[in-house]
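Work out the full structure, taking the sequences as your base and the hints as a guide.
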Amino acid sequence: MEPLESKQTYQEYVDKKSPNSPILKNCFNAFWVGGLICTIGQVILNICKERGFDTQLSGTIVSIILIGLSAFLTGLNVFNKIGKFAGAGSLIPITGFANSIVSPAMEYKSEGYVMGVGGKMFTVAGPVLVFGISASIIVGIIYLIFHTQSVTLV
Amino acid sequence: MDINWANVFDWMILLKSFITGGIICIIGQILIDKTKLTPARILVIFVTTGAILGGLGIYQFLVDFAGAGATVPLTGFGFNLAKGAIEGVEQYGLIGAFTGGVKAAAGGIAAAVFFGYIASLISKPKMKKQ
Numbered sequence: 001m002e003p004l005e006s007k008q009t010y011q012e013y014v015d016k017k018s019p020n021s022p023i024l025k026n027c028f029n030a031f032w033v034g035g036l037i038c039t040i041g042q043v044i045l046n047i048c049k050e051r052g053f054d055t056q057l058s059g060t061i062v063s064i065i066l067i068g069l070s071a072f073l074t075g076l077n078v079f080n081k082i083g084k085f086a087g088a089g090s091l092i093p094i095t096g097f098a099n100s101i102v103s104p105a106m107e108y109k110s111e112g113y114v115m116g117v118g119g120k121m122f123t124v125a126g127p128v129l130v131f132g133i134s135a136s137i138i139v140g141i142i143y144l145i146f147h148t149q150s151v152t153l154v
Numbered sequence: 155m156d157i158n159w160a161n162v163f164d165w166m167i168l169l170k171s172f173i174t175g176g177i178i179c180i181i182g183q184i185l186i187d188k189t190k191l192t193p194a195r196i197l198v199i200f201v202t203t204g205a206i207l208g209g210l211g212i213y214q215f216l217v218d219f220a221g222a223g224a225t226v227p228l229t230g231f232g233f234n235l236a237k238g239a240i241e242g243v244e245q246y247g248l249i250g251a252f253t254g255g256v257k258a259a260a261g262g263i264a265a266a267v268f269f270g271y272i273a274s275l276i277s278k279p280k281m282k283k284q
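In order, the protein sequence lines correspond to chains A and B. Each step along the first sequence adds one to the number in our numbering, with nothing skipped, and position 82 is 82. Each step along the second sequence adds one to the number in our numbering, with nothing skipped, and position 77 is 231.
All the given hints hold, so there is nothing to weed out.
For lysine-lysine, the following BS3-like pairs were computed, each having C-alpha atoms within a straight-line distance of at most 30 Å:
no., chain 1, residue 1, chain 2, residue 2
1, A, Lys120, B, Lys278
2, B, Lys278, A, Lys81
3, A, Lys84, B, Lys278
4, B, Lys190, A, Lys120
5, A, Lys84, B, Lys190
6, A, Lys120, B, Lys188
7, B, Lys170, A, Lys49
Note that these hints are calculated values from the structure, not bench results. Values in this document were obtained by computation on a predicted structure and should not be read as measured data.
Structure representation (structure tokens):
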């Protein structure tokens with residue numbers, strides 16, 4: 001092989017040799033794993049509705065079950081394997097939220113049960129809660145402003 | 155307890171939820187592959203987007219159409235927060251904007267904290283194989 005002279009030829013060489021990012025395959029895997037997780041959620045939701053729970057409560061039950069499952073699967077090192085295969089397919093559903101809590105907590109277990117596990121749990125989940133809750137408060141306040149005639153302040 | 159299993163496995167509802175959930179995950183996968191966003195940022199983007207779309211009343215259509223396909227992804231978590239805040243405002247005024255969102259998502263947040271902590275405690279930290 002001849003030496004590569006300039007940065008550009010090197011870049012071309014790298015582009016030629018490295019496998020083109022398998023985005024199509026990734027998307028396909030994300031699609032069916034994510035879809036499957038949502039379908040499992042839908043089955044649980046349907047069972048809850050059949051048993052006579054209202055929509056709000058059924059949704060909460062689905063979240064709790066999926067979060068619990070993925071938390072323990074993460075603890076058993078199963079979820080990370082699914083995540084490696086499915087990418088966003090397991091990250092975007094609420095399972096990814098639970099995974100993002102357990103993964104760093106496991107990693108920093110050696111730092112203790114309070115600041116290690118208890119603190120590092122929120123390295124990813126913390127920002128999610130901060131932005132999610134802040135956005136919801138802003139939405140609520142904007143809604144209040146546009147509906148002041150029907151709502152009494154305080 | 156009588157459960158009508160034909161209703162539970164209504165394939166049309168399940169298919170809608172499968173496809174919608176899958177498409178939302180594809181959007182996430184494209185963000186991962188095509189941008190340099192970290193997973194944490196992508197989660198934040200999804201939750202915030204869900205809250206905004208929920209506030210605008212758009213996400214409700216998706217939930218009505220796809221059920222769990224729209225509520226299980228993190229956009230649904232944001233939607234749930236926003237919806238709760240709006241319901242809180244309708245009920246209690248300004249204070250409802252602060253209490254409603256978290257109240258609606260309380261089950262999920264509490265479960266995540268509790269199960270997350272328990273699962274971390276029982277897990278065995280594994281040395282990374284090289």
